[in-house]
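S.K.: Sequence:
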Amino acid sequence: MHRALLPAVLAAGLLAPSSAGATPPVAELSPAAIESYLDRAMDSTGLPGISLVVTHGDAIVHATGAGRTADGDPVTAHTPMRIASLTKSFTAAAVLSLVDEGRLALDAPVAEQLPEFRMADPRAARITVRHLLNQTSGLSDRTVDIAATQRAGSLADYVATLRTGTLGAEPGTEWAYCNVNYDIAARLVEVVSGRDFGASLRERIFAPLGMASSGTDAELPAPADGFISLFGQWVPRPELSRFEGGGGGSVISTAADMGRWLISQHGHGPQPVTARSLETMRTPVLHGYGMGWGTEAEGGLLVHSGNLFTYNAAQAIDPATGYGFAVFTNSAGLSDDSYEIMLGLAALSRGETPRDPGGARQWIELTLGVSIAAALGLGVLGVTRARRWARAGRPVWRTGLRMLPALLPVLLFAGYPTAVSILADGRTVTWAQLTYAAAPLTIALGAAAVAGLATTSARLWRLRSVRSGT
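Letter by letter, the sequence shown follows residues 858 to 1327 in the numbering used here.
Just so you know, these hints were derived from the structure itself, not from any lab.
No residue lacks a Cβ here, since even glycine has one placed at the ideal position from N, Cα and C.
Treat the hints with care, as some may be off.
Claimed, not checked - Derived Cβ-Cβ restraints for the label pairs, each shown as a range:
id: 1; residue 1: D928; residue 2: G1226; range: 25 to 35 Å
id: 2; residue 1: T1275; residue 2: A1231; range: 19 to 29 Å
id: 3; residue 1: T1256; residue 2: A1026; range: 46 to 56 Å
id: 4; residue 1: L1265; residue 2: V1237; range: 46 to 56 Å
id: 5; residue 1: S1314; residue 2: A1230; range: 13 to 23 Å
id: 6; residue 1: A916; residue 2: T1131; range: 41 to 51 Å
Just need the whole structure built from these sequences, with the hints factored in.
M.R.: Here it is in structure tokens:
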């Protein structure tokens, strides 16, 4: 899942292409200024660990880290981090490198270039590679068996699980954020290059850019467990089991390595793709989304966020100033501070003074904590007053109606995963997932359900006693 339960939905906008002669920055960001902002961010967000990098032109201005890992080690610029959906920009680059070589065609149907790709919907035959990368294929979490894809053991198996799926829209007509697009793209890379996806990324991107510490989660040792936020406490948890080695969110990297990536995305240093393909990646189409990059309306940034169950990430490049930014956190909560920290760095580069990031998670959890106390208090009150409530002589229909308010939290909790799936644009959401970033909300709803169930049970018991005359 992304941004806890919702994908990075990016506002539309047109950006000027980058060039060596970009407009000079308003402010020169120094390592000291970046460290000062990182200290502020650690204080205001309360996050357990943050690593980040800022680049300008063809140089890394500063890569650093603060806090600790779940293993107790300090977080530095070289701490491995799960970068989640930032992986998509690497997948797009790998695909376009094959396009540059004439081995893939962006506007030819995927099924012609990947014969194993078949779906129950005949419209799938019209999905092109461009549609996959622009997230306009018509693929949707609502119409594909996402649970089956997560059980796949390889990208070939993953693509095979799609054969019973359908599309949510005609290819090329609507934008829908769906990881399946990029996992199919990763399988394309495997088949056309003749190497597994991780090896292809290493050969085409990581090695040329000198990203020696980067790879997919199918190849590299797992980073330290991340944290979830639970009413002001950071609780270490292993990342929830998921499909590994895919093109949608499998890359592990470091802040130092990601600096090299940001430099390349400004057109400096070794280039995994041609200038034309780089421009294609960065050009927004529907919903302000290009290929692994979206647009941020405020500030004219090219951006992408990434969210797993225990790690969050955000990256941006500013075509107008030549700055690049990436922020990684080894934690997840009901709000994502990594994106806000990234925007704060961008503001600093424009000579602005950003407000201290964070605060939303703390307020949400405080509100939920008060709600839990109130729900339990009302539950105790409902149980103790059940005898008074269950007086004789009331019509049955009125008694039933008076039961509903106490039963509503029970019904809401029973339908909780389904409701969240609807809010998350149809993504499959399980009870296990709801014990991670959403754990405070899950506990609050559970407390309300327990209180409602206890009150209802006590009332029914007392009502039975009153009517039996005991």
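S.K.: Each hint needs a verdict: does it hold in this structure or not?
M.R.: How the hints compare with the structure:
Distance hint check for D928 and G1226: the Cβ-Cβ separation is about 29 Å, which falls inside the suggested range of 25 to 35 Å. About 25 Å separates the C-beta atoms of T1275 and A1231, a value consistent with the hinted range of 19 to 29 Å. With their beta carbons about 48 Å apart, T1256 and A1026 fall inside the hinted range of 46 to 56 Å. The hinted window of 46 to 56 Å between L1265 and V1237 is violated, with their beta carbons roughly 18 Å apart.
Hint check: S1314 to A1230, Cβ distance near 21 Å, so the stated range 13 to 23 Å holds. Checked against the hint of 41 to 51 Å, the pair A916 and T1131 fails, with Cβ atoms roughly 23 Å apart.
Checked against the numbered hints given earlier, this structure breaks hints 4 and 6; the rest are met.
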